[in-house]
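Number of protein chains: 6
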Amino acid sequence: MRFCQSFMTALHRFIGPDVDVPAGDMGVGTREISYLFGQYRRLRGAWENGVLTGKDFASGGSLVRPQATGYGAVYYLENVLKHEGESIEGKTIACAGFGNVTWGICQKAADLGAKVVTLSGPDGYIYDPDGVTTKKKIDYIVEMRASGRNQVKDYADKFGVAFYPGEKPWGVKVDVCMPSAMENDVHLEHARQIVGNGVKYYIEVANMPTTNEALSYLMSQPGVIVAPSKAVNAGGVATSALEMAQNSERLVWTEEEVDQRLRQIMNNIYTMSVEAAEKYGLGYNLVAGANIAGFQRVADAMMAQGIF
Amino acid sequence: MRFCQSFMTALHRFIGPDVDVPAGDMGVGTREISYLFGQYRRLRGAWENGVLTGKDFASGGSLVRPQATGYGAVYYLENVLKHEGESIEGKTIACAGFGNVTWGICQKAADLGAKVVTLSGPDGYIYDPDGVTTKKKIDYIVEMRASGRNQVKDYADKFGVAFYPGEKPWGVKVDVCMPSAMENDVHLEHARQIVGNGVKYYIEVANMPTTNEALSYLMSQPGVIVAPSKAVNAGGVATSALEMAQNSERLVWTEEEVDQRLRQIMNNIYTMSVEAAEKYGLGYNLVAGANIAGFQRVADAMMAQGIF
Amino acid sequence: MRFCQSFMTALHRFIGPDVDVPAGDMGVGTREISYLFGQYRRLRGAWENGVLTGKDFASGGSLVRPQATGYGAVYYLENVLKHEGESIEGKTIACAGFGNVTWGICQKAADLGAKVVTLSGPDGYIYDPDGVTTKKKIDYIVEMRASGRNQVKDYADKFGVAFYPGEKPWGVKVDVCMPSAMENDVHLEHARQIVGNGVKYYIEVANMPTTNEALSYLMSQPGVIVAPSKAVNAGGVATSALEMAQNSERLVWTEEEVDQRLRQIMNNIYTMSVEAAEKYGLGYNLVAGANIAGFQRVADAMMAQGIF
Amino acid sequence: MRFCQSFMTALHRFIGPDVDVPAGDMGVGTREISYLFGQYRRLRGAWENGVLTGKDFASGGSLVRPQATGYGAVYYLENVLKHEGESIEGKTIACAGFGNVTWGICQKAADLGAKVVTLSGPDGYIYDPDGVTTKKKIDYIVEMRASGRNQVKDYADKFGVAFYPGEKPWGVKVDVCMPSAMENDVHLEHARQIVGNGVKYYIEVANMPTTNEALSYLMSQPGVIVAPSKAVNAGGVATSALEMAQNSERLVWTEEEVDQRLRQIMNNIYTMSVEAAEKYGLGYNLVAGANIAGFQRVADAMMAQGIF
Amino acid sequence: MRFCQSFMTALHRFIGPDVDVPAGDMGVGTREISYLFGQYRRLRGAWENGVLTGKDFASGGSLVRPQATGYGAVYYLENVLKHEGESIEGKTIACAGFGNVTWGICQKAADLGAKVVTLSGPDGYIYDPDGVTTKKKIDYIVEMRASGRNQVKDYADKFGVAFYPGEKPWGVKVDVCMPSAMENDVHLEHARQIVGNGVKYYIEVANMPTTNEALSYLMSQPGVIVAPSKAVNAGGVATSALEMAQNSERLVWTEEEVDQRLRQIMNNIYTMSVEAAEKYGLGYNLVAGANIAGFQRVADAMMAQGIF
Amino acid sequence: MRFCQSFMTALHRFIGPDVDVPAGDMGVGTREISYLFGQYRRLRGAWENGVLTGKDFASGGSLVRPQATGYGAVYYLENVLKHEGESIEGKTIACAGFGNVTWGICQKAADLGAKVVTLSGPDGYIYDPDGVTTKKKIDYIVEMRASGRNQVKDYADKFGVAFYPGEKPWGVKVDVCMPSAMENDVHLEHARQIVGNGVKYYIEVANMPTTNEALSYLMSQPGVIVAPSKAVNAGGVATSALEMAQNSERLVWTEEEVDQRLRQIMNNIYTMSVEAAEKYGLGYNLVAGANIAGFQRVADAMMAQGIF
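Residue numbers (my numbering), protein chains in the order written: chain A, 1 to 308; chain B, 1001 to 1308; chain C, 2001 to 2308; chain D, 3001 to 3308; chain E, 4001 to 4308; chain F, 5001 to 5308.
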């Protein structure tokens, strides 16, 4: 708390709801954001709560914000499957980690009839062939994380499933791989396992979870569809924008409304990526499409607003 | 007008839509608030109309704001009745005063099939067994107040009902008592009358309308349900928040939209109070529940935002 | 661009989303507004995009804003026709110019089953008896304007319809005349032609498109209904207000939502004008009604907010 | 007072000690400036007293400010006389008016051994061959002005000197003419009288006191030295700058210090004018010199600070 | 330090060099003021050091500020003695306390040839017939205070003079009494001792050091001159103003310059008091004079700046 | 100019007279600073000219600012010589470069009876045994620099002295070496020459003009006194502070006043350095003294103002 307060004392003159809006990253959750906002409020003497996103509910945090990255990733996956003429229902998914993002994936996948069958931690991974689909299991993820023990083995102990110490989940045969934990999680050897298992959908979720080597390898496989994290995980920051909108309106949206807008945004991101790649003759290339669409948007805005 | 302008000249540096938002109380209505806002606008040179609530419509005042406290009180009552397995339809209500609040109660009660049978003034009270339910009667309340004569006898003269000079309406046998005028209106003697009449619902509306003695007596009666004004009359300030939301959005909501949101808010307040009392083992105690729920909310926010 | 930037450097201290919000007029379109906004943003270091309206989409411009004046004019016309017991379906309309406003009229008229049969330019007018109703024709208007050639003859060449060099379209026999180009476009001689052709609906769209003489003449004809531009063309500035609302909410509305709100606003404007004229005993006089309703609104607000 | 307060309420956002600093002109004296400052202070909630000059002493007004224009004019005259190898001692001076400026001239002339022998008013002029040199006489000027009677005849009555009703003082034979009252005071006929009387020094003090015709005539006379008011009366605004300096320092200077700095400034103005005229080959031409030096200064600053 | 920082976090929005300038009082010295200023600077991100007075030298504190109240009191005394045809040289003075104020009196009295012969503390008083005049003795006062032992007996032990435990110094026979410690220090019994000892000069220094009874008694004695603390101790706050002036100028004055300006200010205060009492027919009454002069100044400024 | 304007558009929100005050360094002179100030003024709409130092005179630049570093260096040298019981009169000085700093050294050395005998440029150095002491020679330095030719040979051509192409002036036998041009100008080989020539005074002027090796060597020589540039060249930034003081006061100081205050400041810097080294037992060590005194000052201020 003291650190957050000192940090904001130095930072507050340079941010604002219309100026610059920081968001938390790894290790900065609702608790820290709320401390930061408390100090900002004190210093400004004003309730400008759009200045930070990911706040606690009483400070104007949005419902669904914690799960938003995970939900968004599943919505993105749904689009990819639809493109291939498949349904998400019944699909098995390998995930990594057991933080907010993975929690959101488990929940939304369960809602849509799919199941996440692996979780991982610094200590190894678990394999739950029935899927992390029940409320009890999904709630237990939150509990595990809050415990501070930082080990996924607890899940295996609790629910009587297999735990593989020191290993990563990428050798499990699933329909979809969603590396959702850390940078450089999937190495070339894992990529080879994934391809060997005939996994068709490689959906990055964490920021840059694949080493360069592994990514090149995966993208060169004709039977594999690679989706880039910069598009797949946009649901988090998109919901930050929805939080800012609620703060600006001085209103609180229901969970349904946030979720529905999030789904709409993910569909748009997917569609714009597909169209951008096609427009530039690159076929169904989700990585190139995301890069092009993103660049195009920034470039157009810069041209429209005039040179500096 | 001059007083409002001078007052705002001194005050304007300390308020703002995100800083502090004054609202009118007794004797400060739309007219005064609009004068205050006019001066604020002049001094700031900006249209920051969220700075004050209860404004005239052209300055951004919300529809339903004048009636909101009364409407909200009836919505609260509806919840209490539902809890007891009863319906508001057909209920008779004793009210005090004939200001905005009472006007709102009459209107909303009529809308929902109940009827207010007493009004009061400094000169006594009237008893209208048919209820203040017609448009003509309800509009006449506004006219009476605007006349500046400050006497409720006019109503009796106009509609040919009984007028009881110098008396209070609490001896009338009704289903529900809603003291909706001033502080310390209901004394122990009135409370005894109320209980004697077998009134089951004592719904405070004005700020602290019951003397401490009377309140203790009423709360100790097993057959009487007491609802505290801090929860019951929250519809007014809640609609101020809705006015601020409209000002922030630069939009004007329809009467229906404001009314529906107000109803939702009153239902939430009722539910949170009931749940808070239950959670702390106090049963169906609306007074304790309102205190606990309010305290909890403030305490949680303070903890979340860090110590000062 | 340089001019816009210099202008904004001098202007920026005197405007703001809550202070004063400039909009473009003839010759100032999306391009210029976006340059102005780019410079404002640079100077403030803040994303206060409600400060200007008519921006490009990426800077927060509203959908339907370019067509809004035209759409609004047709909605107004629809109200007038309904008052006379007629339907807009099947009506023929004479328009002038081929800019944004006329483009919007063509589109919305086509949507509602009417057809615009004339367009004009500095070089003359065209007469298209089938109406400017197809997507191809309507899109070509945008193309013509963007070409910078500034001649309406291109339309005649493209679609094989008659072109009348050096003439104005007011001699064409139609159901409705909508002068939608410039000031003082319709002179007494044209007014006589219009009346001679038995045109019943004279709906001004451009700012003051009728000379005083011609206007007096038209208003004195018992069989002619004259609608004043100050009400008819309000859809443009109304949609600027909707753009500001979206900017305040940090949301983007769909085309349908903007269009529907625009229609609602135009209906209100029409209704308030009609009621104001009636209230002051002037019958169905749209010109007087617009003047009275506008004056009344400003005067009421001034009284409410107190003298300066 | 009410007018000053309203005016400042509208003006205050556009001025400031570093922004724009209004000063009074005819009819706006210490009283009005102090009312304006009082309102500014109230609105800002801050003691930014450099925002206005000519304030009362308690609000930070400078000593010598009321007399500064007159003192400065005499210092300028002193320079001119020195250039001609003469001394101010013993010189007779014709002045017009009996306001602040003339009062200052009388005082400073007396201090330096010269004497003002005429004063004028709307009712005529007085001729006091002994000069307005004693404290009693000089104080009486202030009294006359404060009386509100607005007639100079009072002086003649009080001190037993000649009063010439309806006439101007320019026919009196003196060493120096200093028109110090109003615009267009000296016409061609007066100029001819002045020349006829052999007056060598024509020192404008009021803003543009000489008609164009009269000024051309005077400047064409080889024996007459004309000094332009834009330079001669700069002591007033220069002392406003000294008032701002004192306000910035939060200090109060003694009368001596202000007077000495004022003298220094007037000497500089004179010298810069003389040098500018010489540099551009115009000889000893005080009018041209003032124009050139002023223009040069502004032009240089504009070039140095870059184009806009 | 933490307290100062928290306090300033709450206070900083309401103060400023041109807004409100807090100064320390008992128990708030240079250390606390500098902590307060450090936090203010941090929060504002600006070097607005005129916002607080009594700062450390590096933060812009003025030389002589710590001793200013004491120095000023002696300058005031000097004026009183001069009025009575006496000189300060050789006078003996009884002081109370041994804080900043008394320290300043000792120093300045010694500089001018007088001597302070008593100091007091919560434990009693000391009597030093040679006076607290040497650098060694005067420096020891600072040391005593910094020790935190809070006893004046240390001085007696150090310099071998008499210590009177539990007593006050007002029974000592001196020329001048200067109660310079706390409120209500001198009671009626002490006043009687003072008069009995033939003390002619009773110069209050601390804020209200005399009980009402004692003060009435002293003022009623024909042979006693009473000077009120509101005038005598003004040197402290006057030097705060000089500190603000230095901060505004961004300059540091020498000790001599501050001291000389302080002396000038004290002379003015004395003179204005004397003149005010005389003007209102109260003779040489320093108490009445200070009240009148102070009131007059505020009243005049209020009138000049207009009613609120 | 365009670059300066763009740079200031980005920078202006982060600076201010009380916030951060940029000054020019190599290649940024009065011209650039004035362009920067012009843009700042435009953007702020306020005359806050303390925001930048080194401005043109009309924008509030201080007299003596251009020469200040050079003057200050000579004043520092004077102190060193006095410490050694010598006088500056008659001393010969080797300088490098021919920019503002060297120009200032030449002038002030000449004023005090010393003479600079070498100048250097990228093309070599000149040796003028009579010294750069006459107005003609000193003015020619300014001319050389303004020519943009960037060669010191011009001086040799003009005044008929020796030019040594491609060489540095450190082998010339002089009393004092003052490297006043660039970083790392004096290498070990030059240091050896300097020592070999028996030069006793090595006074750094440019920022870090001596390589580490050379500096260690020089400091280890018992007969050489080394003065560090961080103290010697402080006159420039000190005069920037004096410029800010003049801007705050809204006054212009004479050349004499600036020069005298500059001298005082340099004397203080010298004295504080000497005392700091002595206090910490390092003897007459100007390098250590400057480091200690600087560190002490910052550390004391940080302690006084409280931890962050």
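You may find that some hints are simply not true.
Subject to a maximum C-alpha distance of 30 angstroms in a straight line, what follows is the list of computed DSSO-like cross-link-like pairs (lysine-lysine) [as the list claims (entries may be wrong)]:
hint, chain 1, residue 1, chain 2, residue 2
1, F, Lys5230, F, Lys5173
2, C, Lys2135, B, Lys1137
3, F, Lys5136, D, Lys3279
4, F, Lys5279, E, Lys4135
5, E, Lys4230, E, Lys4173
6, C, Lys2279, A, Lys279
7, B, Lys1158, B, Lys1135
8, C, Lys2279, B, Lys1136
9, B, Lys1279, A, Lys137
10, B, Lys1173, B, Lys1153
11, D, Lys3135, E, Lys4279
12, B, Lys1279, A, Lys136
13, E, Lys4137, F, Lys5279
Quick caveat, the hints were computed from the structure, so don't treat them as lab data.
- Message: Tell me the numbers of any earlier hints that the structure contravenes, in ascending order.
- Response: Structure breaks hints 2, 6.
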